Amino acid sequence: MVIDDILKELSMQKKDGVYFGPAGGYWSNLNREDNERFLKELPLLGSKKTVEKYFPEHFDVIFSPKRAGGLPLLNSGSGELIVDVGCMWGALTIPLARTGCNVVAIDQTLESILLLKQRLMEDNLPNVDVVCADLKKIGFKGSSVDKFVINGVLEWIPESGVIELKKYYGKRQGAEKKYDKSDPYDLQLKFLKGIYNGLKPDGSLYLAIENRYDIFNFFGMPDPHCSLRFITFLPRFLQNMVSKVFLGRPYINWTYSAGGLKKLLKEAGFCDAKISYAFPDYRSPEQILSKAGMGYYRPCKFRRAKNIFIKVVCYVIEDILFRRLKLTAFAPSFVVLAKR
Amino acid sequence: MEIIRNCSHHGSTIAAIRLDDMNKAFRITKMAFNEDGASSIMREYDGISWYEKKLNVNNSAIVSFAHRGKAYASLELAYKDGQCGDLSRSVEGNHARIKNALKHHVDIFETSSSCFNHGDYSFENVVFDGDDVLWVIDWEHFTDLLPKGFDLAYCIMEACYFCLKRRGRLTKKDIAAAKDLINYAETKSGMKLIDKNSPATFILNLIADNQAVFGRQVHKYPFFNSSRKDIDLLDKILK
Numbered sequence: 007m008v009i010d011d012i013l014k015e016l017s018m019q020k021k022d023g024v025y026f027g028p029a030g031g032y033w034s035n036l037n038r039e040d041n042e043r044f045l046k047e048l049p050l051l052g053s054k055k056t057v058e059k060y061f062p063e064h065f066d067v068i069f070s071p072k073r074a075g076g077l078p079l080l081n082s083g084s085g086e087l088i089v090d091v092g093c094m095w096g097a098l099t100i101p102l103a104r105t106g107c108n109v110v111a112i113d114q115t116l117e118s119i120l121l122l123k124q125r126l127m128e129d130n131l132p133n134v135d136v137v138c139a140d141l142k143k144i145g146f147k148g149s150s151v152d153k154f155v156i157n158g159v160l161e162w163i164p165e166s167g168v169i170e171l172k173k174y175y176g177k178r179q180g181a182e183k184k185y186d187k188s189d190p191y192d193l194q195l196k197f198l199k200g201i202y203n204g205l206k207p208d209g210s211l212y213l214a215i216e217n218r219y220d221i222f223n224f225f226g227m228p229d230p231h232c233s234l235r236f237i238t239f240l241p242r243f244l245q246n247m248v249s250k251v252f253l254g255r256p257y258i259n260w261t262y263s264a265g266g267l268k269k270l271l272k273e274a275g276f277c278d279a280k281i282s283y284a285f286p287d288y289r290s291p292e293q294i295l296s297k298a299g300m301g302y303y304r305p306c307k308f309r310r311a312k313n314i315f316i317k318v319v320c321y322v323i324e325d326i327l328f329r330r331l332k333l334t335a336f337a338p339s340f341v342v343l344a345k346r
Numbered sequence: 002m003e004i005i006r007n008c009s010h011h012g013s014t015i016a017a018i019r020l021d022d023m024n025k026a027f028r029i030t031k032m033a034f035n036e037d038g039a040s041s042i043m044r045e046y047d048g049i050s051w052y053e054k055k056l057n058v059n060n061s062a063i064v065s066f067a068h069r070g071k072a073y074a075s076l077e078l079a080y081k082d083g084q085c086g087d088l089s090r091s092v093e094g095n096h097a098r099i100k101n102a103l104k105h106h107v108d109i110f111e112t113s114s115s116c117f118n119h120g121d122y123s124f125e126n127v128v129f130d131g132d133d134v135l136w137v138i139d140w141e142h143f144t145d146l147l148p149k150g151f152d153l154a155y156c157i158m159e160a161c162y163f164c165l166k167r168r169g170r171l172t173k174k175d176i177a178a179a180k181d182l183i184n185y186a187e188t189k190s191g192m193k194l195i196d197k198n199s200p201a202t203f204i205l206n207l208i209a210d211n212q213a214v215f216g217r218q219v220h221k222y223p224f225f226n227s228s229r230k231d232i233d234l235l236d237k238i239l240k
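Residue numbers (the numbering used here), protein chains in the order written: chain Z, 7 to 346; chain Y, 2 to 240.
Bound-form chain Z, shown alone:
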């Protein structure tokens, strides 16, 4: 059994096909009460129809094939053991499972996991084990995993408690806003060290995260984690000050520059971190290019802008900064492949 091979918590309980590890908090785009209504109908209507009925705005986030755009970089093969840490609804878990890998999908939010279970059943993918556990508390056995996938998770590691994104986003009050009081860097480092220890000697890590110096942040695009503008690129002490004024707590969703991310990974033990740049973002990337491949870059973010003025501004920025000058330091986000 795959789970026993890789996780330290051998005594985990299994109920309805889900393994339960150390309990964590809640993180979802959906409120708990909405999720409850949704889950009641899920077995009757099936995943697609239920999502269409209750959360049509999230349909693409859950089902779009675009979400798997970075997976060719992982070069996964049949029979490999891959752990998707923070899998949520399975945007990457399901494409990975389709390649024939053995996948362990871990998330702290049971409601998200139940939707993933339903999708796995509909797609007839028995090669996935699903674990509901706190990502910070779960322990991996030494050198047991071929590949880890951490897609949009690292920056959330310093959070804890309940995050219902609709209530949480950019609000000082109205949601329970717990966070771990330790230094965010230390928490992220500890998390990555745990991942490092779980990897086989020739294993690799796929990590996707926003760039702290995304050019569009300088033009007022809100930070996707706390919704404040002009904050990500500030020095850490200023980030804390601004966040305390507007949100009543320090800034904890730390993102990094390419150099900062490499340093963090090196400190966690990874020896070779290759950075690629994802455009227009890593969630639904249209292009993921290395520095050497920037000659293939074509402006793409402007297509997602809602009005013509923003479209033109986006196009000009993308064309000059990325296509002509190839300034990857200001790319929107990173996809990193790091070797043990």
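Because the hints were derived from the structure by calculation, they are not lab data.
It should be emphasised that the depicted structure is a prediction, and the values quoted were computed from it without experimental measurement.
Please note: incorrect hints may appear among the correct ones.
Below, a list of computed lysine to aspartate or glutamate pairs in the DMTMM-like style, where the Cα atoms sit at most 20 Å apart [stated by the list, open to error]:
#	chain 1	residue 1	chain 2	residue 2
1	Z	Lys72	Y	Asp132
2	Z	Lys46	Z	Glu128
3	Z	Lys280	Y	Asp21
4	Z	Lys72	Y	Glu36
Starting from the known structure of chain Z, fit chain Y onto it as the hints suggest.
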């Protein structure tokens, strides 16, 4: 590996390029993790295999092919270093290359006893070395369900359509070049390819009648997307 395209044209395949030590492309990989995309890749594999057999090539361009069930496929190909046809040029400017593309098609397809079409024989999908055809790419619509000669008619009419859309007009020389290409393709293939009274409408109807063959990607075909005004104008010019 460079992911250069993720699910464009309403399709669901990921296209990636591998660079060598000199940063030159040497492999192209197509991958899909869903049914639509995997089916396209499997069709492309069939198309290239068939094409290579007809060309009698020694070194296959197919480096690797893998698929699993209906919802995952991956195809790695050798990168063909040449120039793709450029539809922003005039029909007259492209005349020699289009003629060679048509000749190549007749040599490959029309000798076949079965009724195969590339399905997207756009001038942009033909790779040239100078004016000579080096290779044909993008075989994801390879099919035996379209009428024989569809590719030839489509290739000529698409070149006219883009000349009209991108350059705003077809000159007398362009019109003469287009008519010459139609005559050439019909003579060479020994088939009547197009209704010369309304050639654009003819192609539009062919695509519309065979929507099932193109699937969701039918919307990428310029004729299918264009306004009635453009189609009528092309019919009038080329009549």
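Quick rundown of the hints versus the structure:
1. Restraint check for Lys72(Z) and Asp132(Y): the C-alpha separation of about 37 Å exceeds 20 Å, so the hint is violated.
2. Distance check on the hinted pair: Lys46(Z) and Glu128(Z) sit about 17 Å apart at the alpha-carbon level, within 20 Å; holds.
3. Using a Cα cut-off of 20 Å, the hinted pair Lys280(Z) and Asp21(Y) holds, with the two alpha carbons roughly 16 Å apart.
4. Proximity of Lys72(Z) to Glu36(Y) is assessed by CA-CA distance (about 13 Å); at most 20 Å being required, the pair is judged to hold.
The structure is inconsistent with hint 1 alone, although it conforms to all the rest.
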